[in-house]
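Student: Line order of the protein sequences matches chains B and R. Each residue of the first sequence is one higher than the last, beginning at 2 in this note's numbering. Each residue of the second sequence is one higher than the last, beginning at 131 in this note's numbering.
No lab work stands behind these hints: they were computed from the structure. There is no bait here: all hints are sound.
Have a look at the derived ranges for each label pair, beta carbon to beta carbon: (1) R:Arg217 x B:Asp200: 28 to 36 Å; (2) R:Ser370 x B:Pro288: 32 to 40 Å; (3) R:Trp398 x B:Gln369: 53 to 61 Å; (4) B:Glu158 x R:Pro315: 28 to 36 Å; (5) R:Gly332 x B:Glu332: 33 to 41 Å; (6) B:Ala305 x R:Gly243: 51 to 59 Å; (7) B:Asp200 x R:Pro417: 50 to 58 Å; (8) B:Pro163 x R:Arg217: 24 to 32 Å; (9) R:Arg302 x B:Asp200: 22 to 30 Å; (10) R:Gly332 x B:Asp297: 44 to 52 Å; (11) B:Ala172 x R:Arg236: 27 to 35 Å; (12) R:Ser241 x B:Lys435: 39 to 47 Å; (13) B:Ser48 x R:Gly243: 56 to 64 Å; (14) R:Ala330 x B:Thr37: 45 to 53 Å.
These stretches of chain R come out as covered by chain B in the derived footprint (C-beta under 8 Å, 3 or more residues): (15) 217-227; (16) 251-260; (17) 344-356.
A quick note: this is a predicted structure, and the numbers were derived from the prediction, not measured. We put the CB at the ideal spot given by N, CA and C, even for glycine.
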Amino acid sequence: MTRLSCAALTLGLLSACVDGSPPPRDPNAEPTNGGTITLANCGYDVSTRVGASAPVMSTAFFGADPRPEQVRLGIPADPATTMAVAWRTADETTLATTVQFGKGTSLDQSQDGFTFIYVGGFNGSGETIRMHETHLCGLDPGTEYSYRVGGVGPGGEESWSPTYTFHTAPAASDTSAEVLVAVLGDSRDGYDVWQKLVDLIGQQSPDLILFSGDAVTIGAVQVEWETFFSEAEPLFARAPVVSAHGNHDVNAINYYSQFVMPGNEEDFGIDYGPFHLTVLNDTPFDPGDISGAARDFLDSDLTAHDSAPWKLLMHHRPIWSASTRHGSDTELLDTWGPVIDAHKVDLVLNGHDHDYERSKPMRGSTPQATAADGTVYIVSGGAGASLYGNGSDFWTEKSEKTHSALLLHISRTMLQMQAIRDDGSELDSMATSK
Amino acid sequence: MLALAAAVVAAQVAAAPAPAEPDAAFEQALQLVAAGKRAEAADALEALASSRPDAAAAAAVAKAAELREALGQPHRALALYRRLIARYPDSRLVRRARVRARVLQRGLGGSPGDAAAYADYQRIIGGVPRLEQVRRARALVAAHPDAPAADDARMLLGSASRDLGWPDEAVRWYREVARRNPGTPRYYLARKGEADALAAYGRFDAARAVYRELAATGDRRYRLWAEKGVEELDRAQRRSRLAQLAWVVVALVALGLLVSARRQAGSWRGLARRLARPPVEVWYLAPVALVVVLASATSNGMIARAVRFVLIGALALTWLSGATLEAARRRAGRVSWKRAAVHAAGAAAAVVALCYLAMMHDRLLDMVVETWRHGPEP
Numbered sequence: 002m003t004r005l006s007c008a009a010l011t012l013g014l015l016s017a018c019v020d021g022s023p024p025p026r027d028p029n030a031e032p033t034n035g036g037t038i039t040l041a042n043c044g045y046d047v048s049t050r051v052g053a054s055a056p057v058m059s060t061a062f063f064g065a066d067p068r069p070e071q072v073r074l075g076i077p078a079d080p081a082t083t084m085a086v087a088w089r090t091a092d093e094t095t096l097a098t099t100v101q102f103g104k105g106t107s108l109d110q111s112q113d114g115f116t117f118i119y120v121g122g123f124n125g126s127g128e129t130i131r132m133h134e135t136h137l138c139g140l141d142p143g144t145e146y147s148y149r150v151g152g153v154g155p156g157g158e159e160s161w162s163p164t165y166t167f168h169t170a171p172a173a174s175d176t177s178a179e180v181l182v183a184v185l186g187d188s189r190d191g192y193d194v195w196q197k198l199v200d201l202i203g204q205q206s207p208d209l210i211l212f213s214g215d216a217v218t219i220g221a222v223q224v225e226w227e228t229f230f231s232e233a234e235p236l237f238a239r240a241p242v243v244s245a246h247g248n249h250d251v252n253a254i255n256y257y258s259q260f261v262m263p264g265n266e267e268d269f270g271i272d273y274g275p276f277h278l279t280v281l282n283d284t285p286f287d288p289g290d291i292s293g294a295a296r297d298f299l300d301s302d303l304t305a306h307d308s309a310p311w312k313l314l315m316h317h318r319p320i321w322s323a324s325t326r327h328g329s330d331t332e333l334l335d336t337w338g339p340v341i342d343a344h345k346v347d348l349v350l351n352g353h354d355h356d357y358e359r360s361k362p363m364r365g366s367t368p369q370a371t372a373a374d375g376t377v378y379i380v381s382g383g384a385g386a387s388l389y390g391n392g393s394d395f396w397t398e399k400s401e402k403t404h405s406a407l408l409l410h411i412s413r414t415m416l417q418m419q420a421i422r423d424d425g426s427e428l429d430s431m432a433t434s435k
Numbered sequence: 131m132l133a134l135a136a137a138v139v140a141a142q143v144a145a146a147p148a149p150a151e152p153d154a155a156f157e158q159a160l161q162l163v164a165a166g167k168r169a170e171a172a173d174a175l176e177a178l179a180s181s182r183p184d185a186a187a188a189a190a191v192a193k194a195a196e197l198r199e200a201l202g203q204p205h206r207a208l209a210l211y212r213r214l215i216a217r218y219p220d221s222r223l224v225r226r227a228r229v230r231a232r233v234l235q236r237g238l239g240g241s242p243g244d245a246a247a248y249a250d251y252q253r254i255i256g257g258v259p260r261l262e263q264v265r266r267a268r269a270l271v272a273a274h275p276d277a278p279a280a281d282d283a284r285m286l287l288g289s290a291s292r293d294l295g296w297p298d299e300a301v302r303w304y305r306e307v308a309r310r311n312p313g314t315p316r317y318y319l320a321r322k323g324e325a326d327a328l329a330a331y332g333r334f335d336a337a338r339a340v341y342r343e344l345a346a347t348g349d350r351r352y353r354l355w356a357e358k359g360v361e362e363l364d365r366a367q368r369r370s371r372l373a374q375l376a377w378v379v380v381a382l383v384a385l386g387l388l389v390s391a392r393r394q395a396g397s398w399r400g401l402a403r404r405l406a407r408p409p410v411e412v413w414y415l416a417p418v419a420l421v422v423v424l425a426s427a428t429s430n431g432m433i434a435r436a437v438r439f440v441l442i443g444a445l446a447l448t449w450l451s452g453a454t455l456e457a458a459r460r461r462a463g464r465v466s467w468k469r470a471a472v473h474a475a476g477a478a479a480a481v482v483a484l485c486y487l488a489m490m491h492d493r494l495l496d497m498v499v500e501t502w503r504h505g506p507e508p
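With the hints as extra help, turn the sequences into a complete structure.
Tutor: Below is the structure:
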């Protein structure tokens with residue numbers, strides 16, 4: 002049976018299949034009803050959604066071209082002790098999924114991961130895509146690690162990515178830690194701007210990347226994701242990326258399969274050094290979730306983290322925006338605004354409008370004198386997509402029609418924000434302390 | 131006053147006794163940053179790092195280096211990064227220090243002139259208004275034309291000139307960068323910048339030629355840029371032509387109505403008298419238009435502008451059209467079916483043209499297409 006399948010496969014996709022190699026069946030013919038795998042090294046389960054196959058542990062099997070590409074880091078759990086690495090290979094059939102890593106410059110440890118496929122396109126009409134994912138757990142906080150991804154084939158042949166480094170989030174007890182967070186959103190098909198911003202942000206070596214949604218124009222089209230992640234590898238392979246779902250991501254299986262984030266990957270919270278980040282999906286599959294599940298999660302997550310020095314919220318559609326395109330979202334203002342006010346969220350990060358805008362500190366619909374008295378809303382939807390007109394209204398502190406990204410320096414007592422254009426020049430800055 | 135504040139903080143820092151104080155001194159320095167006193171904060175942090183040569187000082191060194199960079203003092207920043215790397219190799223801040231040191235070293239180049247240009251460039255991009263950026267970037271390029279930072283300044287001049295509505299300037303600077311950096315990634319960025327600037331100001335043929343060059347490079351990345359550029363350019367060109375046609379239709383219909391009304395009225399003075407009295411159609415349309423304009427003003431600004439444009443234009447056409455028909459009725463007793471048909475066709479064409487022009491403004495059409503494709507937002 003094994004020999005027959007192997008011979009058949011050799012004629013087709015799997016030219017590297019050799020006698021005795023493990024997969025007795027076409028690895029891309031798996032059902033895509035989702036599934037769960039337990040990661041013994043981490044002590045938690047990982048699930049895939051309907052549209053993706055059940056994850057299977059790494060196997061020493063190489064397809065025609067097992068070179069790793071589009072390497073990216075993600076945060077599946079506590080970022081001080083856990084890091085996920087995800088990647089694709091040049092072929093769609095390689096099953097070897099291993100990360101070699103170690104503190105500093107060493108690669109003295111090895112961790113096998115899992116792999117799964119998903120079918121892109123609308124209603125599963127697109128091509129079959131394979132993801133590789135490995136979770137590294139039990140890491141030391143605030144520590145630099147080197148790593149490379151790939152694996153070993155059945156004959157002992159190896160295929161590895163370049164060696165990258167990342168560092169874990171500082172320990173919660175490290176009260177002097179300052180972290181650097183980059184914020185981008187709405188890259189879509191503006192590939193040259195995206196590349197410029199990736200280069201600019203990379204030169205700052207951020208600890209964490211926040212992406213406020215709309216990475217691509219249509220989330221179910223894989224070719225756009227390939228370009229997005231390929232261009233971003235120099236950045237995403239060195240700092241974990243956390244994304245909020247955007248309307249153009251269309252709740253596609255492509256979106257949920259390619260980022261590694263906690264919980265249901267739609268509404269979740271992360272503690273990162275001195276700040277707590279809540280992420281919400283404001284274009285959920287069921288619009289009723291905005292006033293239901295998402296609002297409830299926002300309230301409970303912020304309640305659980307009310308003592309965090311800084312509270313940040315990221316979602317796609319702007320609550321306050323004077324852009325000529327979408328403008329302020331009154332539904333979100335009515336639904337989430339009171340929760341944001343009640344928990345005194347410091348900063349809300351949005352995209353959707355392709356411009357830059359920073360609001361005055363807002364409480365309800367009233368601008369406040371200082372950031373301590375209200376929440377600052379920033380629209381930063383200029384990571385590549387065609388620009389929209391900016392505007393100005395009673396809440397606007399600063400706005401500009403430009404491609405841009407944000408850099409946030411956050412320590413226990415201070416939050417500094419710098420907005421930069423895609424030519425590197427500063428377009429806005431803000432500092433607030435507690 | 132600022133210097134005094136810095137001195138006070140520095141003195142507090144230097145005088146601070148051992149274990150419990152570094153955090154407090156660090157926080158005091160950060161407060162200076164929050165107050166916009168970057169130089170004073172950097173002084174205080176350097177003093178803190180010197181007074182406490184242990185791992186806790188690593189954060190102070192890193193922050194001081196970052197501030198020195200922001201202040202346009204790259205040499206001092208580089209020295210601080212090197213100090214961080216050498217003294218605190220286990221700090222989580224070392225990775226960033228290594229990256230920044232590399233960037234600074236590259237930027238500072240090999241000569242004092244290069245270093246001066248780099249420092250100058252850092253100050254230029256640090257929150258300076260666009261016009262001032264242009265003035266200072268031009269001066270930098272003139273003073274240090276061959277410094278590595280000069281090409282950064284030229285790229286900045288390209289994008290700033292484009293933003294300021296100076297396409298010729300933008301194209302000139304981008305071409306200069308491309309000429310100086312053949313075959314490098316910067317060359318392609320400059321060419322893309324040039325093409326985008328040309329396209330943004332309606333020079334479609336010139337832009338298309340540059341995109342074609344980019345597409346011919348064979349590199350998938352640049353081909354994608356070019357394809358995207360050409361796609362947008364085609365759309366913009368199509369829309370521009372249609373907009374011109376729409377204006378011509380509106381103008382012709384308005385002119386036709388005016389001439390016809392003048393003929394019916396017998397004289398320009400007679401026409402003016404007719405137009406002074408709003409025809410009955412206007413009395414119907416005006417209140418409806420007012421309500422719709424006011425209602426639309428409560429929501430999306432782009433839609434409100436489009437509604438205003440269409441209704442004001444429609445009201446003007448209705449006024450003119452009504453006055454013409456009324457004059458014809460008075461003169462001949464009735465309006466012939468031929469005249470009525472021509473009149474109706476002209477008015478319909480003008481309204482369609484007005485609607486198109488309204489949809490083109492602020493690219494409202496794109497939003498409509500997006501809604502059509504992806505459905506309305508929740």
